[in-house]
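Full structure from sequences and hints, please.
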Amino acid sequence: MLNPISLAFKKAKEEKRPALLTYTVAGDSSKKQSLEILKAISNYADILEVGVPHNTPVADGGQIQTSAYRAIKNGFKMNDIFKIVSDFKKSKNSKPVIFMGYYNMIFQYGENNFLKKCKKSGVNGLIVVDLPWPENKIFSKKCKKNSINFIQLLSPTTSNKRLKSITKDSHDMIYYISMLSTTGGKLKVSPKKILANYNKIKKISPKKNCVIGFGITEKTISNFKNTDGLVVGSQICKEINRSLNNRQNPVINVSKMVSKLRKKIS
Amino acid sequence: MKLKKGIPVIDQGDKLGFWGGKFGGNFVPETLKKPIEDLEIQFNKLKNDKNFIRERDKYFKNWIGTPTRFIKLNNLTKHVGGAQIWSKVVSDANGGAHKIYNATVHCLLAKRSGKKVIIGDTGAGYAGKMLSMAAKKFGLKCKIFMGAKDIKRQQPNVKAMKKNGADVIPVYSGSQTLVDAVSECMRFWVANCDTTAMCVGSTVGPAIFVRICGWSTSQISRELKVQLINEFGEVPKKLKLYNCVGGGSSSFGFWNEFMDYDKKQVEFIGVEAGGPSKSKRHAAPLTYGSKIGILHGAAQYVNQNSDGQIEETESISAGLDYPGISPLHCFLKDTKRARYTAASDEEALKAYQIVTKYENLRPSLEPSHAFSVAIKEAKKLSKDTVVIINSCGDAYKDRGILEKKLGKKYVKSN
Numbered sequence: 005m006l007n008p009i010s011l012a013f014k015k016a017k018e019e020k021r022p023a024l025l026t027y028t029v030a031g032d033s034s035k036k037q038s039l040e041i042l043k044a045i046s047n048y049a050d051i052l053e054v055g056v057p058h059n060t061p062v063a064d065g066g067q068i069q070t071s072a073y074r075a076i077k078n079g080f081k082m083n084d085i086f087k088i089v090s091d092f093k094k095s096k097n098s099k100p101v102i103f104m105g106y107y108n109m110i111f112q113y114g115e116n117n118f119l120k121k122c123k124k125s126g127v128n129g130l131i132v133v134d135l136p137w138p139e140n141k142i143f144s145k146k147c148k149k150n151s152i153n154f155i156q157l158l159s160p161t162t163s164n165k166r167l168k169s170i171t172k173d174s175h176d177m178i179y180y181i182s183m184l185s186t187t188g189g190k191l192k193v194s195p196k197k198i199l200a201n202y203n204k205i206k207k208i209s210p211k212k213n214c215v216i217g218f219g220i221t222e223k224t225i226s227n228f229k230n231t232d233g234l235v236v237g238s239q240i241c242k243e244i245n246r247s248l249n250n251r252q253n254p255v256i257n258v259s260k261m262v263s264k265l266r267k268k269i270s
Numbered sequence: 002m003k004l005k006k007g008i009p010v011i012d013q014g015d016k017l018g019f020w021g022g023k024f025g026g027n028f029v030p031e032t033l034k035k036p037i038e039d040l041e042i043q044f045n046k047l048k049n050d051k052n053f054i055r056e057r058d059k060y061f062k063n064w065i066g067t068p069t070r071f072i073k074l075n076n077l078t079k080h081v082g083g084a085q086i087w088s089k090v091v092s093d094a095n096g097g098a099h100k101i102y103n104a105t106v107h108c109l110l111a112k113r114s115g116k117k118v119i120i121g122d123t124g125a126g127y128a129g130k131m132l133s134m135a136a137k138k139f140g141l142k143c144k145i146f147m148g149a150k151d152i153k154r155q156q157p158n159v160k161a162m163k164k165n166g167a168d169v170i171p172v173y174s175g176s177q178t179l180v181d182a183v184s185e186c187m188r189f190w191v192a193n194c195d196t197t198a199m200c201v202g203s204t205v206g207p208a209i210f211v212r213i214c215g216w217s218t219s220q221i222s223r224e225l226k227v228q229l230i231n232e233f234g235e236v237p238k239k240l241k242l243y244n245c246v247g248g249g250s251s252s253f254g255f256w257n258e259f260m261d262y263d264k265k266q267v268e269f270i271g272v273e274a275g276g277p278s279k280s281k282r283h284a285a286p287l288t289y290g291s292k293i294g295i296l297h298g299a300a301q302y303v304n305q306n307s308d309g310q311i312e313e314t315e316s317i318s319a320g321l322d323y324p325g326i327s328p329l330h331c332f333l334k335d336t337k338r339a340r341y342t343a344a345s346d347e348e349a350l351k352a353y354q355i356v357t358k359y360e361n362l363r364p365s366l367e368p369s370h371a372f373s374v375a376i377k378e379a380k381k382l383s384k385d386t387v388v389i390i391n392s393c394g395d396a397y398k399d400r401g402i403l404e405k406k407l408g409k410k411y412v413k414s415n
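First to last, the protein sequences are chains A and B.
5 is the number of the first residue of the first sequence in this note's numbering; add one for each residue after it.
2 is the number of the first residue of the second sequence in this note's numbering; add one for each residue after it.
Note that these hints are calculated values from the structure, not bench results.
Here are the simulated BS3-like pairs of lysine-lysine, each with C-alpha atoms no more than 25 Å apart in a straight line:
#: 1; chain 1: B; residue 1: K35; chain 2: A; residue 2: K212
#: 2; chain 1: A; residue 1: K204; chain 2: A; residue 2: K14
#: 3; chain 1: A; residue 1: K93; chain 2: A; residue 2: K124
#: 4; chain 1: A; residue 1: K192; chain 2: B; residue 2: K35
#: 5; chain 1: B; residue 1: K16; chain 2: A; residue 2: K146
#: 6; chain 1: A; residue 1: K206; chain 2: B; residue 2: K35
#: 7; chain 1: A; residue 1: K96; chain 2: A; residue 2: K36
#: 8; chain 1: B; residue 1: K292; chain 2: A; residue 2: K141
#: 9; chain 1: B; residue 1: K292; chain 2: A; residue 2: K81
#: 10; chain 1: A; residue 1: K212; chain 2: A; residue 2: K15
#: 11; chain 1: A; residue 1: K172; chain 2: A; residue 2: K145
#: 12; chain 1: B; residue 1: K35; chain 2: A; residue 2: K207
#: 13; chain 1: A; residue 1: K268; chain 2: A; residue 2: K229
#: 14; chain 1: A; residue 1: K197; chain 2: A; residue 2: K168
#: 15; chain 1: A; residue 1: K165; chain 2: B; residue 2: K16
#: 16; chain 1: B; residue 1: K163; chain 2: B; residue 2: K153
#: 17; chain 1: B; residue 1: K23; chain 2: A; residue 2: K146
#: 18; chain 1: A; residue 1: K141; chain 2: B; residue 2: K16
#: 19; chain 1: B; residue 1: K239; chain 2: B; residue 2: K73
#: 20; chain 1: A; residue 1: K145; chain 2: B; residue 2: K16
#: 21; chain 1: A; residue 1: K204; chain 2: B; residue 2: K35
#: 22; chain 1: A; residue 1: K190; chain 2: A; residue 2: K264
#: 23; chain 1: A; residue 1: K197; chain 2: B; residue 2: K35
#: 24; chain 1: A; residue 1: K165; chain 2: B; residue 2: K35
#: 25; chain 1: B; residue 1: K238; chain 2: B; residue 2: K377
#: 26; chain 1: A; residue 1: K165; chain 2: A; residue 2: K206
#: 27; chain 1: A; residue 1: K145; chain 2: B; residue 2: K35
#: 28; chain 1: A; residue 1: K14; chain 2: A; residue 2: K123
#: 29; chain 1: B; residue 1: K16; chain 2: A; residue 2: K168
Anything over 12 Å on all C-beta distances counts as not near chain B; from chain A, calculated:
#: 30; residue: S34
#: 31; residue: S95
#: 32; residue: N116
#: 33; residue: K124
#: 34; residue: N203
#: 35; residue: S209
Per the computed footprint, the stretches of chain A lying under chain B, defined by three or more beta-carbons under 8 Å from a beta-carbon of chain B, are:
#: 36; region: 57-70
#: 37; region: 135-142
Beta carbons are placed, not taken as given, at the ideal position from N, Cα and C, and that holds for glycine.
Now the structure itself:
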């Protein structure tokens, strides 16, 4: 039987489109609202990345930092993230969930304890930004044992030798970082070049689902229709921020945005 | 956990860069793996390359000015009435602090690897000032990331950086101090690592930066050992080396050459920033038993809450105002080679007043923390004990704070 993440990719493939992955920060702007946002966007997105807010994120740009700092300021605690996911999983339109965060949050929670809670609340995958290969070898094995997808990251600086080793050790899904940038950077590399790198990865590892993230927005997303999946994060976080500043409902605005994104790749 | 003899501490990490199996490492985004590996290969080769060492020593001697003075503080010794009190006046170095050693080495490495831009973080502004000086000297463009709060309180160094042609980029996130400056600098490197070299301003960050910085500041103890033998004919039988510890670059450099001596002969005392005496906040993770966590790419003892969010620190001294601590010091603490304690803001200010009253020396607020503990302990020590404090920074940068806290006369008279 396919795991829910692979199943989501399969379904998108049957519809001849890339899977749409969204990223929002747990607890932004409040626990309740972040849950509502997840419920609303899961009508259009295939897989939901849920960011674990951290106050010293070394790979995130301004938009995601703003979301994370706001969530922490509004009282986010680690236990909340599991509650948000288990509540979301009970909703009728729930989709696979991937946690994305920094290793210290897992380390302090205790790796085993963290994975136990992930499994119990229905988390399907994990992206740990600052736990690269080979440092992640032991932890990724633990994830697999718990039927949780550990998603390896690849970047334009990853050497061919590393690429082969990392894809070999990866589970069903791989994440390709499109360019040298923190999250939320403007796409500064041509889609052609990004796709060339993407195809290189697919050639080495044809069976694994490879998504592209960083610099994917309403403007750029249609350049990447022939891929397994695409991640939009910062633009959504920015929209939450914009809505709050304009005293509008972020749930409605974000949901509209994700619906548009979906149309652009369908 | 054991410290090995005969092997430099910077080279005692394991394959993944962990000291004692648990401090340090490389908790970095995938994008930085390659530039870090490149830097590792380059540094491992050059640190044993005679030509490179000759080049380094040439700049250390002719440009930084080595050796810095080693002086006896006669009046202070008399006033305290116990051990002999000496100081290694590292603030003699070009630019006024120890940060120049690491900055120079990083610029030499950047130059050799063909990078045109170098970036760095700064708290007290010394790391930034020195990097801007070295970058200018070696013809590199320079960007310095500095917390907005620190920009306000360390204006003399900000002015110096700008005068040297560096871009000073204010960081407004979080507590707007060193911790945020380091994060922002790392983010910039993530986005520009193909063209840009990064200098981490202390013995913190991914393992390679810890090693390069420790290797660079070790100049201090190399000089001191020669000076001790010149003065006493040998390394004294009872020697105590006091140093402030923020990230830990000056203290590590001050101790490194004496690492293999028995601690009964050469004791290391690290003094962290205890913060205002009435505040619960501090920048002393080793003294107050903070838990191990990950900050800026390395596992270390760090001030954090139970969730793993890094906690805000508070200290009068911008250079010590950092929630974490070098993995090297975590290692030295757990192997019991060094002893760590803290001094409060008030104690540091008082020590500054005492030192400037009795001696023609004006340590910045960072080494004033070390003076505070040294003065207290020297009282109870025998006359044949040699106490040395690393005066690793000059108070010129602190004149604004000193004037506010102590009044104009303390700034004017010095």
